[in-house]
Amino acid sequence: GEQVEQRPPHLSVREGDSAIIICTYTDSATAYFSWYKQEAGAGLQLLMSVLSNVDRKEEQGLTVLLNKKDKRLSLNLTAAHPGDSAVYFCAVSASSGSWQLIFGSGTQLTVMP
Amino acid sequence: EAAVTQSPRNKVAVTGGKVTLSCNQTNNHNNMYWYRQDTGHGLRLIHYSYGAGSTEKGDIPDGYKASRPSQENFSLILELATPSQTSVYFCASGDPGTGGGTEVFFGKGTRLTVV
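These protein sequences, in sequence, are chains A and B. Positions 1 to 113 (our numbering) are the ones given, in order, by the first sequence. Positions 1001 to 1115 (our numbering) are the ones given, in order, by the second sequence.
Hints listed in this document are in silico derivations from the structure and should not be mistaken for laboratory results. The model shown is predicted, which means the values in this text are computed figures rather than measured ones. A virtual CB, placed ideally from N, CA and C, is assigned to each residue, including glycine. Keep in mind that the hints are not guaranteed to be accurate.
[Claimed, not checked] Over 10 Å on every C-beta distance to chain A, these chain B residues come out as not near it, computed from the model:
no.: 1; residue: Thr1020
no.: 2; residue: Asn1024
no.: 3; residue: Asn1027
no.: 4; residue: His1041
no.: 5; residue: Leu1045
no.: 6; residue: Gly1053
no.: 7; residue: Ile1060
no.: 8; residue: Pro1061
no.: 9; residue: Asp1062
no.: 10; residue: Lys1065
no.: 11; residue: Ser1067
no.: 12; residue: Gln1071
no.: 13; residue: Thr1113
[Unchecked claim] Label-pair ranges, simulated between beta-carbon atoms:
no.: 14; chain 1: B; residue 1: Lys1018; chain 2: A; residue 2: Asp70; range: 41 to 51 Å
no.: 15; chain 1: B; residue 1: Glu1079; chain 2: A; residue 2: Asp17; range: 41 to 51 Å
no.: 16; chain 1: B; residue 1: Ser1070; chain 2: A; residue 2: Glu15; range: 27 to 37 Å
no.: 17; chain 1: B; residue 1: Asp1062; chain 2: A; residue 2: His10; range: 25 to 35 Å
no.: 18; chain 1: B; residue 1: Gly1051; chain 2: A; residue 2: Leu51; range: 36 to 46 Å
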């Protein structure tokens, strides 16, 4: 079945710096890719999602890149601020079936003032 | 706004006891999911449902049952709770979008401690 690896598990950056989180997946049939943010004590909030026909998507200081050849998905937070401190998860799913999401193991991002 | 409500938010149970976690969604989604979250594992799918009356096994169903009596409600049942089931449980709902993919909405989680 699909395997998703996420790195790094912990990431600390200074305010204003970029933060990059990477996920790799194994199933070439994977069709849907998403990033979630989890703040302390809260549920998961969808940040961005892309389909497999999209290589790059930018929204509100976030950039998602999809490299299907290398089966790699990345999230880039440009100009991070302390409010971005949270745990970030990638999640992927195939194009059929239950649309169940397979999650990465998460990245704890800390943005220091 | 899409809403998924879980109850209780916190639960302490004794080993061998029965635990029921409840979830209600007002999104009118067909699909609902139960995940557990443990450090180092991300979220793992326990059970899911395609609609009222349907329950399907996810990746880690052992020790859990699920019930979907209606479109809105999806319960996770631990018949004989064990300390290894201490975790944070998330319910979610979501349906495939018209353009492909699916946006999944999560509840705030239930922290279960089995002593």
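Hint check:
1. Thr1020: holds (20 Å)
2. Asn1024: Check passes; 14 Å lies beyond 10 Å.
3. Asn1027: Since the minimum Cβ distance to chain A is about 13 Å, Asn1027/B lies beyond 10 Å and the statement holds.
4. His1041: violated (6 Å)
5. Leu1045: violated (6 Å)
6. Gly1053: Per Cβ check, Gly1053/B is outside 10 Å of chain A; nearest 16 Å; holds.
7. Ile1060: Nearest chain A Cβ is 12 Å from Ile1060/B, so the label holds.
8. Pro1061: holds (13 Å)
9. Asp1062: Its Cβ never comes within 10 Å of chain A, the nearest being 17 Å, so this holds.
10. Lys1065: holds (18 Å)
11. Ser1067: Given a closest Cβ separation of 17 Å, the condition holds.
12. Gln1071: holds (16 Å)
13. Thr1113: holds (15 Å)
14. Lys1018/B to Asp70/A: 41 to 51 Å: The hinted range 41 to 51 Å holds for Lys1018/B and Asp70/A, with Cβ atoms some 47 Å apart.
15. Glu1079/B to Asp17/A: 41 to 51 Å: holds (49 Å)
16. Ser1070/B to Glu15/A: 27 to 37 Å: About 47 Å separates the Cβ atoms of Ser1070/B and Glu15/A, which means 27 to 37 Å is violated.
17. Asp1062/B to His10/A: 25 to 35 Å: holds (31 Å)
18. Gly1051/B to Leu51/A: 36 to 46 Å: 24 Å Cβ-Cβ, so the 36 to 46 Å window is violated.
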